[in-house]
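S.K.: Listed here are the chains, written in short residue letters.
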Amino acid sequence: MKTAWNVIRRATLAVVVLAASSGVALAQQFEKVTNIPKQEIPAGRFVGIAYGIIWLAVLTYVLFVAGGLNRVNQEIADLKRRLGSKG
Amino acid sequence: MRSPGIAFWIALLLAAAGFLIVPSLILSAPVEPVMGLVQKIFYFHVPCAIMLFLSTFVCAGGSIAFLFKGSERGDRVALAAAELSVLFGICVLTSGPLWGRKAWGVWWQWDARLTSSLLLFLMMIGYLIARRYGGPAGRKLAAALGLFAAINVPLVYKSVDIWRTVHPQTTVVPKLDPRMRPAFWSAFVLMTLVWALLLTIRVRLERARTELATLRLDAEDLEEVRAS
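From first to last, the protein sequence lines stand for chains W and F. Mapping the first sequence onto my numbering, position 15 (from 1) lands on 15, and the numbers just tick up by one. Mapping the second sequence onto my numbering, position 38 (from 1) lands on 38, and the numbers just tick up by one.
The following block holds chain W by itself, in its conformation from the complex:
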């Protein structure tokens, strides 16, 4: 059991050392690449998202407040009716 465990440990260590050394080797080799596609951040999309978020936030807030106002006004009307009929 102990021998098997030692074998596994050594094998793992060997794999790690090999992987690390190949990584170093790769990092030291530079290749000249031509015709790389230019990485351009889409400005138009960013402007659209920014404006969209702003107006969506405002609209959501308007709906939240309008919903609250409707609900509370309805409750006030109901209570006044109840109080009127009892009083």
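Derived by calculation from the structure, the hints in this document are not laboratory data. A virtual CB, placed ideally from N, CA and C, is assigned to each residue, including glycine. Where hints are given, some of them may not hold.
[Claimed, not checked] Computed beta-carbon distance windows for the label pairs:
no., chain 1, residue 1, chain 2, residue 2, range
1, F, A219, W, T60, 31 to 39 Å
2, F, L14, W, A77, 27 to 35 Å
3, F, L27, W, R71, 38 to 46 Å
4, F, A17, W, R81, 33 to 41 Å
[To be verified] Here are some chain W residues pointing at chain F (derived, C-beta under 8 Å):
no., residue
5, I41
6, F46
7, V47
8, A50
9, I53
10, A57
11, L69
12, L79
[Unchecked claim] Away from chain W, derived, C-beta distances all over 12 Å, residues of chain F:
no., residue
13, I10
14, A17
15, F44
16, G70
17, L119
18, M123
19, I125
20, F148
21, I151
22, S159
23, I162
24, W163
25, K175
26, D177
Assemble the complex: chain W is given as a structure, and chain F must be docked to it using the hints.
M.R.: Below, chain F without anything else, positioned relative to chain W:
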């Protein structure tokens, strides 16, 4: 419940007209040569930041009236303004990183302007949390927080002049290209109108809630009288 005054309807009409005019002014404004198209975020990012500051000051004014004079109206205005601070804080803190990603290459920088703005936003969230979960002393605790937040506003504004930051300085608006001014100032007027309308309807909601609470108490009293 009183119907909204004539000023409310005029503001609503002007805001509706603004929604038609401002986008065309922004589109016709010249494209900034260094940052390009993404600079157009500026036309709403800066007015949103000004509304964040204005809301915080109004919240502090209402809080002072509530703390030192016991004004319920001041408390209602403070709450409405605090919510608007959070709303415009969301707008500033999302539009800014979108602009920054293109202009600076990163979404966020822990520099003085961005960090102090985030702190202001968190303080206003703190105000709302204190009001909601602070118990009987919650309103006073929140009012004190609103005052501290207002003290933070000048620091946020001047941070770009005091410390070296990646954020543009406060001289950007005064030195704005004359061809960009109509788009900026019209967006600013539109945002101010939207802010005033939102504040008005939110204060109305709070007043209606107070009226409802009073009516509920009256109903309970009537039930008790009938029972006895």
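S.K.: For the hint 38 to 46 Å, verify it against the beta carbon of L27 of chain F and that of R71 of chain W.
M.R.: holds, 39 Å
S.K.: Is A17 of chain F truly not at the interface, in the sense that its beta carbon sits beyond 12 Å from all beta carbons of chain W?
M.R.: holds, 16 Å
S.K.: Would you check whether L79 of chain W satisfies its interface hint, that is, whether its CB is within less than 8 Å of any CB in chain F?
M.R.: holds, 4 Å
S.K.: Holds or violated: is the Cβ of I125 of chain F farther than 12 Å from all Cβ atoms of chain W?
M.R.: I125 of chain F clear of chain W: closest Cβ-Cβ about 14 Å, beyond 12 Å.
S.K.: Between L14 of chain F and A77 of chain W, is the Cβ distance one that fits in 27 to 35 Å?
M.R.: holds, 31 Å
S.K.: With 12 Å as the threshold, tell me whether I162 of chain F passes as away from chain W on beta-carbon distances.
M.R.: Correct as stated: the minimum Cβ-Cβ distance to chain W is 27 Å, above 12 Å.
S.K.: Check the non-interface label on G70 of chain F: least C-beta distance to chain W beyond 12 Å or not.
M.R.: holds, 24 Å
S.K.: Using Cβ atoms only, decide whether I53 of chain W comes closer than 8 Å to chain F, and label the hint accordingly.
M.R.: holds, 5 Å
S.K.: Interface hint check: F46 of chain W, Cβ to nearest Cβ on chain F, cutoff 8 Å. Holds or violated?
M.R.: It holds, given that the least Cβ distance between F46 of chain W and chain F is near 5 Å, below 8 Å.
S.K.: Double-check A50 of chain W for me: the hint is only fine if its C-beta lies closer than 8 Å to a C-beta in chain F.
M.R.: Interface hint status for A50 of chain W: holds (4 Å vs cutoff 8 Å).
S.K.: In terms of Cβ atoms, is chain W entirely out of 12 Å range of L119 of chain F?
M.R.: holds, 20 Å
S.K.: Holds or violated: is the Cβ of I41 of chain W closer than 8 Å to a Cβ in chain F?
M.R.: With a minimum Cβ separation of about 5 Å from chain F (threshold 8 Å), the hint on I41 of chain W holds.
In summary, the one numbered hint that this structure violates is 15.
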